[in-house]
Amino acid sequence: MKKLSKADHLKIFSYMLKIRRFEERSAQLYGMGHIGGFCHLYIGQEAVVVGVLMTIKKNDSVVTTYRDHGHMIARGLNPKKIMAELTGRSDGYSAGKGGSMHMFSKENNFYGGHGIVGAQVPIGTGIAFTHKYNGDKNICRTYIGDGAMNNGQVFEAFNLAALWQLPVLYIIENNKYGMGTAVDRAAAGSHLYKRGEAFGIKGEILDGMNVYSVIKAAEKAGEYVRSGKGPYILEVQTYRYRGHSMSDPAKYRTKDELEKYKNSDPIEIVKEEILKKKIASKKELEKLNKEIIEEIKSAVDFALESNFPSSEELYTDVYI
Amino acid sequence: MSTEILMPALSPTMTEGNLTKWLVKEGQEIKAGDVIAEIETDKATMEVEAVDEGFVEKLLYKEGDINIPVNKPIALISSEKDSSIEIKDKKFEKSSKKEINKTKESNSNAQEVNKDPNKDTITMRQAIRDTIAEEMRKEKKVFILGEEVAEYQGAYKVTQGLLDEFGKKRVIDTPISEHGFTGLAVGAAFKGLIPIVEFMTFNFSMQAIDQIINSAAKTLYMSGGQINCPIVFRGPNGAAAQVAAQHSQDFSSWYAHVPGLKVVSPSTPLNAKGLLREAIRDPNPVIFLENEILYGLKGEILSDENFTIPFGKANIAKEGKDTTIVTYSIMLHKSLEAAKILQEKHNLDIEVIDLQSLRPLDSETIINSVKKTNRIVTVEESWPFASIGSEIVNLVQKNAFDYLDAPIIKINSADVPMPYSSELEKLYLPQIDDIVKAVKEVNYI
Numbered sequence: 001m002k003k004l005s006k007a008d009h010l011k012i013f014s015y016m017l018k019i020r021r022f023e024e025r026s027a028q029l030y031g032m033g034h035i036g037g038f039c040h041l042y043i044g045q046e047a048v049v050v051g052v053l054m055t056i057k058k059n060d061s062v063v064t065t066y067r068d069h070g071h072m073i074a075r076g077l078n079p080k081k082i083m084a085e086l087t088g089r090s091d092g093y094s095a096g097k098g099g100s101m102h103m104f105s106k107e108n109n110f111y112g113g114h115g116i117v118g119a120q121v122p123i124g125t126g127i128a129f130t131h132k133y134n135g136d137k138n139i140c141r142t143y144i145g146d147g148a149m150n151n152g153q154v155f156e157a158f159n160l161a162a163l164w165q166l167p168v169l170y171i172i173e174n175n176k177y178g179m180g181t182a183v184d185r186a187a188a189g190s191h192l193y194k195r196g197e198a199f200g201i202k203g204e205i206l207d208g209m210n211v212y213s214v215i216k217a218a219e220k221a222g223e224y225v226r227s228g229k230g231p232y233i234l235e236v237q238t239y240r241y242r243g244h245s246m247s248d249p250a251k252y253r254t255k256d257e258l259e260k261y262k263n264s265d266p267i268e269i270v271k272e273e274i275l276k277k278k279i280a281s282k283k284e285l286e287k288l289n290k291e292i293i294e295e296i297k298s299a300v301d302f303a304l305e306s307n308f309p310s311s312e313e314l315y316t317d318v319y320i
Numbered sequence: 001m002s003t004e005i006l007m008p009a010l011s012p013t014m015t016e017g018n019l020t021k022w023l024v025k026e027g028q029e030i031k032a033g034d035v036i037a038e039i040e041t042d043k044a045t046m047e048v049e050a051v052d053e054g055f056v057e058k059l060l061y062k063e064g065d066i067n068i069p070v071n072k073p074i075a076l077i078s079s080e081k082d083s084s085i086e087i088k089d090k091k092f093e094k095s096s097k098k099e100i101n102k103t104k105e106s107n108s109n110a111q112e113v114n115k116d117p118n119k120d121t122i123t124m125r126q127a128i129r130d131t132i133a134e135e136m137r138k139e140k141k142v143f144i145l146g147e148e149v150a151e152y153q154g155a156y157k158v159t160q161g162l163l164d165e166f167g168k169k170r171v172i173d174t175p176i177s178e179h180g181f182t183g184l185a186v187g188a189a190f191k192g193l194i195p196i197v198e199f200m201t202f203n204f205s206m207q208a209i210d211q212i213i214n215s216a217a218k219t220l221y222m223s224g225g226q227i228n229c230p231i232v233f234r235g236p237n238g239a240a241a242q243v244a245a246q247h248s249q250d251f252s253s254w255y256a257h258v259p260g261l262k263v264v265s266p267s268t269p270l271n272a273k274g275l276l277r278e279a280i281r282d283p284n285p286v287i288f289l290e291n292e293i294l295y296g297l298k299g300e301i302l303s304d305e306n307f308t309i310p311f312g313k314a315n316i317a318k319e320g321k322d323t324t325i326v327t328y329s330i331m332l333h334k335s336l337e338a339a340k341i342l343q344e345k346h347n348l349d350i351e352v353i354d355l356q357s358l359r360p361l362d363s364e365t366i367i368n369s370v371k372k373t374n375r376i377v378t379v380e381e382s383w384p385f386a387s388i389g390s391e392i393v394n395l396v397q398k399n400a401f402d403y404l405d406a407p408i409i410k411i412n413s414a415d416v417p418m419p420y421s422s423e424l425e426k427l428y429l430p431q432i433d434d435i436v437k438a439v440k441e442v443n444y445i
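Taken in order, these protein sequences are the chains called A and B.
Take the first sequence: its position 320, counted from the start at 1, is 320 in our numbering, and no numbers get skipped.
Take the second sequence: its position 352, counted from the start at 1, is 352 in our numbering, and no numbers get skipped.
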């Protein structure tokens with residue numbers, strides 16, 4: 001693993017914090033009725049996407065599930081436009097037509113935000129196919145929830161990716177529950193990454209609460225895939241603090257279990273590392289936190305001041 | 001005593017075959033299971049095995065003879081060696097020229113076309129293949145994938161020769177994995193390539209329908225116009241011949257229901273070329289519904305490599321003043337036959353509209369025709385409930401209510417799963433007689 005600079009540590013901290021603060025604010029806006037429909041929060045899982053972010057190249061592609069707010073922030077997208085989309089405004093990334101689950105930014109090679117469990121896996125494999133077809137040496141990172149790992153099209157995509165040696169890095173975000181069903185009640189066999197073995201796809205399992213272990217594994221896996229050896233699977237063990245969506249009280253798990261994970265909070269781990277290495281003081285980190293709170297506040301203001309799409313917009317973007 | 005060896009039916013839609021090679025000579029002894037000939041069908045070249053043992057008495061066709069009807073004797077086998085039969089090398093019985101000429105005008109295959117003196121008359125199969133090849137030559141982003149499209153040369157020989165010309169990077173055999181490879185192709189289209197996805201038949205597209213509708217059709221909208229999906233889904237649609245319920249259904253109204261998709265269905269080699277080129281060049285997802293029975297249909301084409309037919313434009317296949325028939329795909333041909341009968345027997349001058357494009361639909365041409373004829377019958381192969389005809393009924397009642405002199409009649413397949421038995425299959429599908437009867441009914445005859 002490349003040595004992380006001081007700036008890297010601070011980047012990691014601020015991105016993770018930005019996702020946390022953004023999601024907390026999203027929950028608040030949902031409660032106030034500004035965000036509607038389904039809204040899936042990323043709180044607790046921040047180390048996964050930010051760890052991967054540290055290994056990504058500008059022209060690499062990303063495709064993910066409907067739990068996508070954190071992914072967009074980590075891709076460097078503008079929180080104002082994300083929040084505008086969540087609140088259904090015309091300034092949102094999808095002009096108010098996608099919402100929380102369906103957000104895209106082509107110019108940033110972010111291909112969604114997909115609402116159908118598992119559908120993003122063949123799509124991400126197809127984006128990787130294009131990288132290979134074009135010979136551009138870029139790769140596609142395709143995120144998969146643990147729930148999707150029981151969906152047939154995922155294995156069809158694995159087969160194709162291995163058969164055609166496509167540059168796709170599959171990242172399973174195993175947050176232990178597919179909606180309310182625990183992984184061991186849904187998936188036969190042991191670890192999810194081992195399901196690639198049947199196709200000859202290598203993989204590994206890692207601690208997704210610790211961003212440094214994510215960076216280490218993602219870097220190695222990214223290099224493997226970029227070198228033309230075909231797909232690779234990372235199973236990242238993580239945990240969502242909130243329910244599956246805003247309307248889920250998460251009664252299928254114990255308070256103790258939740259507390260256990262909160263005690264190894266991914267942001268706290270980074271904070272401790274920064275303090276231990278004397279990269280920044282507590283005070284400086286608190287200042288950073290305040291700046292992020294302000295940034296998210298201004299994103300909310302921007303969103304709520306933005307217009308709703310005009311009625312003409314109903315009929316645009318069906319065809320080009 | 002002689003036994004006849006008949007031209008075998010080697011595929012569901014085969015009506016005739018070509019004798020590419022004899023592997024036995026006259027006078028030769030054969031055993032059951034010996035390969036005696038190679039027959040080219042509408043789909044592939046197949047080996048024919050002897051069923052009985054004996055001696056080859058006579059080869060009734062020579063190598064290279066084409067369009068030999070199914071069930072026509074191709075050789076005679078005798079149970080005993082006749083000393084009068086000499087083993088001959090090349091001296092074949094002259095095949096009946098008359099027989100061949102008689103069948104030449106009917107369904108044929110791509111090879112045969114090359115010998116046709118009229119260069120601009122080709123089969124539907126060849127029209128589709130040529131258009132794919134022409135567009136692949138022009139645009140490197142275009143590639144084709146599907147089951148058996150490359151090494152096998154296409155399950156229906158539509159992609160014949162493409163692998164040789166474009167290589168395996170652009171002509172890609174997939175596993176039997178529709179959901180996976182359709183989703184992969186959609187992802188490739190999001191990223192800027194132009195995939196042509198061949199479904200061996202559209203029946204198998206149901207395995208992948210989530211990716212077609214939820215991903216391909218909706219992402220432009222859901223991304224606020226950022227991510228389009230330039231892709232063509234093509235393959236045979238509707239009934240073939242006796243392949244029964246799971247392999248014979250018409251998806252035209254299924255797909256035409258979906259905003260974000262364009263749906264077209266050619267009826268002739270000419271509009272197959274124009275519509276397919278338009279489909280490949282269109283930046284939106286296009287469903288291109290072919291018909292297996294029409295693959296061998298010959299027709300004139302325009303050799304202009306930029307000839308396209310804009311979507312949303314119907315073709316008036318036959319002008320008339322008495323009744324409008326609106327149809328598409330294979331039913332165009334049945335409708336034209338019906339129009340002929342109606343002219344001859346009932347002196348009715350029928351206007352036949354070939355929709356070509358189902359979404360967008362050319363409502364203007366339909367309405368104008370109804371305003372002229374005041375009577376309309378729709379003819380299609382899909383099931384009756386919420387079919388393309390249902391939409392046309394709505395259109396006409398809304399826009400030409402006062403012009404109608406009779407209630408509209410909608411002709412569809414029977415509202416049941418497709419049966420296997422050929423007799424029931426005939427009853428299931430709209431027939432020429434059904435069309436004649438409906439037109440008479442709207443004319444109160």
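Hints listed in this document are in silico derivations from the structure and should not be mistaken for laboratory results.
Because the structure is a prediction, the values reported are computed rather than measured.
Backbone N, C-alpha and C fix where the C-beta goes; we use that ideal spot for every residue, glycine too.
Hints may contain errors.
In silico lysine-lysine, DSS-like type, Cα no more than 25 Å apart, as pairs [what the hints assert, rightly or not]:
no., chain 1, residue 1, chain 2, residue 2
1, B, Lys410, A, Lys229
2, A, Lys58, B, Lys410
3, A, Lys283, A, Lys216
4, B, Lys345, A, Lys229
5, A, Lys194, A, Lys58
6, A, Lys106, B, Lys140
7, A, Lys106, B, Lys72
8, B, Lys410, B, Lys371
9, B, Lys72, A, Lys137
10, B, Lys141, A, Lys57
11, A, Lys11, A, Lys220
12, B, Lys371, A, Lys137
13, A, Lys6, A, Lys283
14, A, Lys262, A, Lys276
15, A, Lys137, A, Lys176
16, B, Lys72, A, Lys229
17, A, Lys3, A, Lys176
18, A, Lys137, B, Lys169
19, A, Lys137, B, Lys141
20, A, Lys176, A, Lys277
21, B, Lys426, B, Lys72
Facing chain A, a subset of chain B residues (Cβ under 8 Å, in silico) [what the hints assert, rightly or not]:
no., residue
22, Pro8
23, Ala9
24, Ser11
25, Thr15
26, Gln226
To see whether the hints hold, each was checked on the structure:
About 57 Å separates the Cα atoms of B/Lys410 and A/Lys229, which puts this hinted pair outside 25 Å; it is violated. Between A/Lys58 and B/Lys410, the direct Cα distance comes to roughly 56 Å. Violation of the 25 Å bound is thereby established for this hinted pair. The suggested pairing of A/Lys283 with A/Lys216 is violated, with an alpha-carbon distance near 29 Å, which exceeds 25 Å. Of the supplied pair hints, the one linking B/Lys345 and A/Lys229 is violated, its CA atoms being roughly 71 Å apart against a limit of 25 Å.
A C-alpha spacing of about 30 Å is found between A/Lys194 and A/Lys58, which places the hinted pair above 25 Å, so the restraint is violated. Note on A/Lys106 and B/Lys140: the hinted pairing holds, with a Cα-Cα distance of about 21 Å set against a maximum of 25 Å. Taking the CA atoms of A/Lys106 and B/Lys72, the gap is about 61 Å. The hint is violated against a cut of 25 Å. Distance restraint check for B/Lys410 and B/Lys371: the Cα-Cα separation of roughly 18 Å lies within the 25 Å cut-off, and the hinted pair is therefore satisfied.
At roughly 59 Å between alpha-carbon atoms, B/Lys72 and A/Lys137 are farther apart than 25 Å, so this suggested pair is violated. Taken as a hint, the B/Lys141 and A/Lys57 pair is honoured in the structure, with Cα atoms around 24 Å apart against an allowance of 25 Å. Among the hinted pairs, A/Lys11 with A/Lys220 is consistent with the structure: their alpha-carbon atoms are about 20 Å apart, no more than 25 Å. In summary, the hint linking B/Lys371 to A/Lys137 is not supported, as the alpha carbons are separated by about 60 Å, beyond the 25 Å threshold.
Using a Cα cut-off of 25 Å, the hinted pair A/Lys6 and A/Lys283 holds, with the two alpha carbons roughly 16 Å apart. Between A/Lys262 and A/Lys276 the alpha-carbon distance is near 20 Å, which keeps this suggested pair within the 25 Å criterion. This hinted pair does not check out: A/Lys137 and A/Lys176 have alpha carbons roughly 33 Å apart, beyond 25 Å. Taking the CA atoms of B/Lys72 and A/Lys229, the gap is about 56 Å. The hint is violated against a cut of 25 Å.
Pair hint A/Lys3 plus A/Lys176 does not hold up; C-alpha atoms about 31 Å apart against a cutoff of 25 Å. A distance of roughly 16 Å separates the Cα atoms of A/Lys137 and B/Lys169; the hinted pair therefore holds under the 25 Å criterion. Taken as a hint, the A/Lys137 and B/Lys141 pair is honoured in the structure, with Cα atoms around 17 Å apart against an allowance of 25 Å. For the suggested pair A/Lys176 and A/Lys277, the alpha carbons sit about 32 Å apart, so the restraint of at most 25 Å is broken.
The straight-line distance between the Cα atoms of B/Lys426 and B/Lys72 is roughly 24 Å, inside the 25 Å bound, and the hint therefore holds. The restraint placing B/Pro8 at the interface with chain A is violated, with a minimum CB-CB distance near 36 Å, outside the 8 Å limit. Nearest Cβ of chain A to the Cβ of B/Ala9: about 34 Å, over the 8 Å cut. The hint is violated. With its C-beta approaching chain A no nearer than about 28 Å, B/Ser11 sits outside the 8 Å limit, and its interface hint is violated.
With 8 Å as the threshold, the beta carbon of B/Thr15 stays out of range of chain A, its nearest partner Cβ sitting at about 37 Å, so the hint is violated. Annotation: interface hint on B/Gln226 holds; nearest CB of chain A at approximately 5 Å, less than 8 Å.
In the structure shown, a violation is registered for the earlier hints numbered 1, 2, 3, 4, 5, 7, 9, 12, 15, 16, 17, 20, 22, 23, 24 and 25, in ascending order.
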